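Undergrad: Spelled out from the first residue to the last, the chains are:
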Amino acid sequence: MRLTSKTRALAAALFLSTAWPVLAETINIEDVTGRNVEVNAPVKHMILGEGRQIYFLAALEKEAPFQHVVGWRDDLPKADPESYDAYLAKYPEIAKLPTFGGMKDGTFDIEQAVVLKPDVILMNVDAKTATEEAGYIEKLAKVGIPLVYVDFREKPMENTEPSMRVMGQLMGKEQVAEDFIKFRADSIKRVTDVLDKNNPKKPVVFVERAGGYSDDCCMSFGNENFGKMVEIAGGINMAKNIIPGTFGTVNPEQVIASNPDQIIITGGNWDKYVPGGAWVGVGYGADLKEAKRKLEALTKRPAFTGVKAVEDGNVHAIWHQFYNNPYQFVAIQEMAKWLHPELFADLDPEATFKELHARFLPLDYKQGYFVSLKDM
Amino acid sequence: MAVSAAETTVTGREQYRALAFRRIVILVLLTVALCFSIALDMALGPANYSLSEVLSALADPAGVAAQLRVIIWDIRMPIALMAVTVGASLSVAGAQMQTILSNPLASPFTLGISAAASFGAALALVGGVALFPGAIQYMVPLNAFLMAMAAALFVHFASTMRGVSVETIVLLGIALVFTFNAALSLLEYLASEQALAAVVFWTMGSLTKATWPKVWFTAGVLVVTVPLFMKDAWALTALRLGDDKAASMGINVRRLRLQTMMIVSLLAAIPVSFVGTIGFVGLVGPHIARMVVGEDQRFFLPGAVICGALLLSVTSVVSKMLIPGAILPIGVITALVGVPFFFVLIFSNRRRAW
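For the record, the sequence lines run as chains A and B.
With the first letter of the first sequence counted as 1, position 210 gets the number 209 in numbering that gives the first Met the number 0; the numbers rise by one all the way through.
With the first letter of the second sequence counted as 1, position 202 gets the number 201 in numbering that gives the first Met the number 0; the numbers rise by one all the way through.
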């Protein structure tokens, strides 16, 4: 039994080394799935179950967003290379952060997580099924690591505020979290209040997903995602009754038949995947002249022949990553301005985005997220 | 005695003529059905043009409104014709694959051609890797084609080795399928969300990628290869009796097999690189043809062409009419359309299907 006592001593030493310096109190947190979790807060070491949670963490930890992160999933450079590069340039140490593979697939390396000794693991709701199937919550509980779910993607309109609050509690930054929530809510209200008051005629909008990424024309959105954002911005999503799920392909002919008043094409810098492709490269610090040229080229495709939006020059491009990005309220403002220019003449989405960066984010603002054929 | 022998010859000849006549009638009927399906594909669509408008746009493209002209000539027609050429190519490829490997489960995909093509396309979509430098805008189809041909050549050279039997070739092909699928999964695991969506969509197959040059190209390959098979029609028919019997009839079995395999690879690789993976047609098209016109290559070959084209053409109509305005990936619909029909044939046709 000497071995056991040795192990026990080792475990105690380990426990002391991590627990001793932390003067934290145990708080009870209700996460977005309604689970009650005990966490020692403020959190000193955390694992981000999804790299893109940094979008929110950064809003709470403006000065040093990565100071408490001990490991994260590797999705940020894949999903949003521009933002990753911007963070990397400012915080070169993040290149050395331990990474995890696709946690959504349930391939989360629990051994590595335990070794990193986090006070909490922040997990996205998307990963819930996989996490539960593998029994991670119970396994982590045995070594005293709590797991908290947040959600900014599955139901962004409902869950962003509670998720932000949970993160505020975890980091001991409740006030900053409330400020961010208010800023976001006000920015959306700025659009919805005007629409409710004036009740304008809603234009039919065709949202083309990643236009020019491949030869196929007319991938679009159903009722969720950009489809929903367009509706909040005061438009009618052309494909809402055509595409049953969130993503789908519309018959190119349908665009001509529906004759949309406005066309919004999502784009991004996809030079790594489709070099020299027809995509519109909007995004962080993009070359807008080039983007406009490519946007114009996309309107020459058969599906857009003689469509009202093209004739009137109401064709716009927007950064594709807004589709699962917390800053999508800026996208809603910009789309509202495109769809109802006279109602929102004094609305300046660019200024909203600038203010967001100045007040909350560690990165400096750079324009390039939007371009329109109407732009000079 | 002499009289009765002559009588037998006469009835035999008559029977043969009646059989040939019946097969020709079936082929004609299938062709009529194909024409009808193409016409339906051209006439139907969310824009709801009347038949007379469609006909006037066909007769006089310059004289109708630009939108109508674009819809008929640039959107509906390339898709309708691409369905025909791709369906025909895959079906013929499958037919000859089954013939030379004497295996009813063989299809263009058995030898790993489609898996290799998917892997090549994914290389381009995920990593931006161009296997053929230069033509960047054709990177995806070129990559798919080059990988498919590489796989085909590998199988080809492996099968020229001594002591390699037909069964070994099939096993080798299946090993290739698993290898490329594993490599594809690895790429998907590493891919960004955007690229992953593109790969998944590509592997489901889609006729919306159809353009006129692609239609001409696939049609051209068919026009060149089908006569080559026709030339060997008797030899290929004899091959179905078994290698030894075919050899005793003076056929160079080995050469015939290798040569056919090369042509089949080309026939399968080109459509796959243009429209993505469309399974099923290559397997079932030839079986349907075999059930309705039999094994004789003079009827079987055109039968496979028409059955494959018909199957994919009907699929094309269904894929755009199932949810009006949306287009469902054709690879998903093919099986749903073909399987019920295939079942009916299997169960109504009590004779041995293979």
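There could be a bad hint or two in this list.
Here's a subset of chain A near chain B, in silico, CB distances under 7 Å, partners left out [stated by the list, open to error]:
id	residue
1	A78
2	M156
3	D215
4	I241
5	G244
6	T245
7	G247
8	Q253
9	A256
10	N258
11	D260
12	Y272
13	H356
Simulated from the structure, these hints should not be mistaken for laboratory data.
All of these numbers come straight from a predicted model, not from anything done at the bench.
The beta carbon of each residue, even a glycine, is placed where N, CA and C say it ideally should be.
Undergrad: Quick check: which numbered hints come out false for this structure?
TA: As far as the earlier hints go, 2, 5, 6, 10, 11, 13 are violated by this structure, in ascending order.
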